[in-house]
Amino acid sequence: MKVLSHETLPLRQPEDVVLVRNKVRNWMQEEGYRLIAQTRLATAVSELARNALDYGGGGVARLEKVQNGSREGIRVVIEDRGPGIADVEQAMRDGYTTGSGMGLGLGGARRLVDEFEIWSQPGQGTRVTIVQWR
Amino acid sequence: MEKIPILKLGDLLLVSIQVDMHDRLALALQDDLTGQVVKHKARGVLIDISALEIVDSFIGRMLSNIAAMTRTLGAETVVVGMRPAVAITIVELGMALNDVHTALNVEKGIALLESLIREREAVEAHEGPQP
Ligand SMILES: Nc1ncnc2c1ncn2[C@@H]1O[C@H](COP(=O)(O)OP(=O)(O)OP(=O)(O)O)[C@@H](O)[C@H]1O
Ligand SMILES: [Mg+2]
Numbered sequence: 001m002k003v004l005s006h007e008t009l010p011l012r013q014p015e016d017v018v019l020v021r022n023k024v025r026n027w028m029q030e031e032g033y034r035l036i037a038q039t040r041l042a043t044a045v046s047e048l049a050r051n052a053l054d055y056g057g058g059g060v061a062r063l064e065k066v067q068n069g070s071r072e073g074i075r076v077v078i079e080d081r082g083p084g085i086a087d088v089e090q091a092m093r094d095g096y097t098t099g100s101g102m103g104l105g106l107g108g109a110r111r112l113v114d115e116f117e118i119w120s121q122p123g124q125g126t127r128v129t130i131v132q133w134r
Numbered sequence: 135m136e137k138i139p140i141l142k143l144g145d146l147l148l149v150s151i152q153v154d155m156h157d158r159l160a161l162a163l164q165d166d167l168t169g170q171v172v173k174h175k176a177r178g179v180l181i182d183i184s185a186l187e188i189v190d191s192f193i194g195r196m197l198s199n200i201a202a203m204t205r206t207l208g209a210e211t212v213v214v215g216m217r218p219a220v221a222i223t224i225v226e227l228g229m230a231l232n233d234v235h236t237a238l239n240v241e242k243g244i245a246l247l248e249s250l251i252r253e254r255e256a257v258e259a260h261e262g263p264q265p
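Residue numbers (my numbering), protein chains in the order written: chain A, 1 to 134; chain B, 135 to 265.
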């Protein structure tokens, strides 16, 4: 997969979650992605960015325009160096939360995007990579 | 601090969310609205979300919370103007928002609120005033 361009944004406060999800939407709007694709990816990014902030103690979001053969897409990598997740499978399950949420963020984000990959290591942090194809 | 304005119209409170909702702002609106319902003894709350391009689990939860809390305080809540793409992503996220009344636009929302309020008043007249 070729990265055509990229941008990295910090996730330090609630306003940053808004900035990142808006940037994703703006990129996709400019590139002529369907409205529903824009809405899905921006919503997934919002969930993952909030997790990085609330559970990971903050992190970064890397936005990439990518190309795979003739296919174009937007990839977003959201990463933190927080406590990590001991049981990823459990965390992915709808309704599982250790906070005051609904436990829908991870499972919901996976349903909203074309590709979803999560890496997490207790004591090291969490990284979620998502892709929406055109 | 930025704040989302709440308009009072008779016994209704009207909110139009015109800014990007970050989490702190959503919590502030929730507190503000419940406070105003009590202060003005409002019977209905109308929330216009037509400007919201996304509704994630946090904003969805805020809408549910507002509906549940205002109901306890004697007011019905109706959410209007949800964009079709937002409606789709809410379902895909796994949020039902079953407990939240919705209507297409402000006009239909006010009509729905009025009928919900009448229903409630009929029940209250029958059962005596609610605690
Ligand atoms: N970046 C992270 N670092 C550490 N733990 C995380 C991270 N992301 C998620 N988790 C853990 O996984 C659980 C489930 O996350 P998920 O986003 O699905 O639900 P939630 O954040 O608890 O609630 P919701 O997203 O519905 O508000 C969290 O409660 C938390 O324990
Ligand atoms: Mg979450």
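Hints are computed from structural coordinates only; laboratory data are not their basis. Be aware that a few hints might be false.
Ranges between beta-carbon positions, derived for each pair [to be verified]:
1. B:Q152 to A:G32: 50 to 56 Å
2. B:E258 to A:Q13: 40 to 46 Å
3. B:N232 to A:E31: 18 to 24 Å
4. B:L207 to A:Q13: 44 to 50 Å
5. A:S5 to B:P139: 19 to 25 Å
6. A:E115 to B:P139: 38 to 44 Å
A few chain A residues that don't get close to chain B, going by computed Cβ distances all over 10 Å [to be verified]:
7. E15
8. W27
9. E31
10. G32
11. L35
12. I36
13. Q38
14. L63
15. N68
16. P83
17. D94
18. M102
Covered stretches of chain A (in silico footprint by chain B; criterion: 3 or more residues with CB under 8 Å from a CB of chain B, positions within the stretch not fixed) [claimed, not checked]:
19. 16–23
20. 42–54
Don't be surprised by glycine CBs; every beta carbon is placed ideally from N, CA and C.
Output the numbers, in ascending order, of every earlier hint that fails for this structure. Hints 1, 3, 4, 5, 7, 11, 12, 13, 17, 18 not satisfied by this model.
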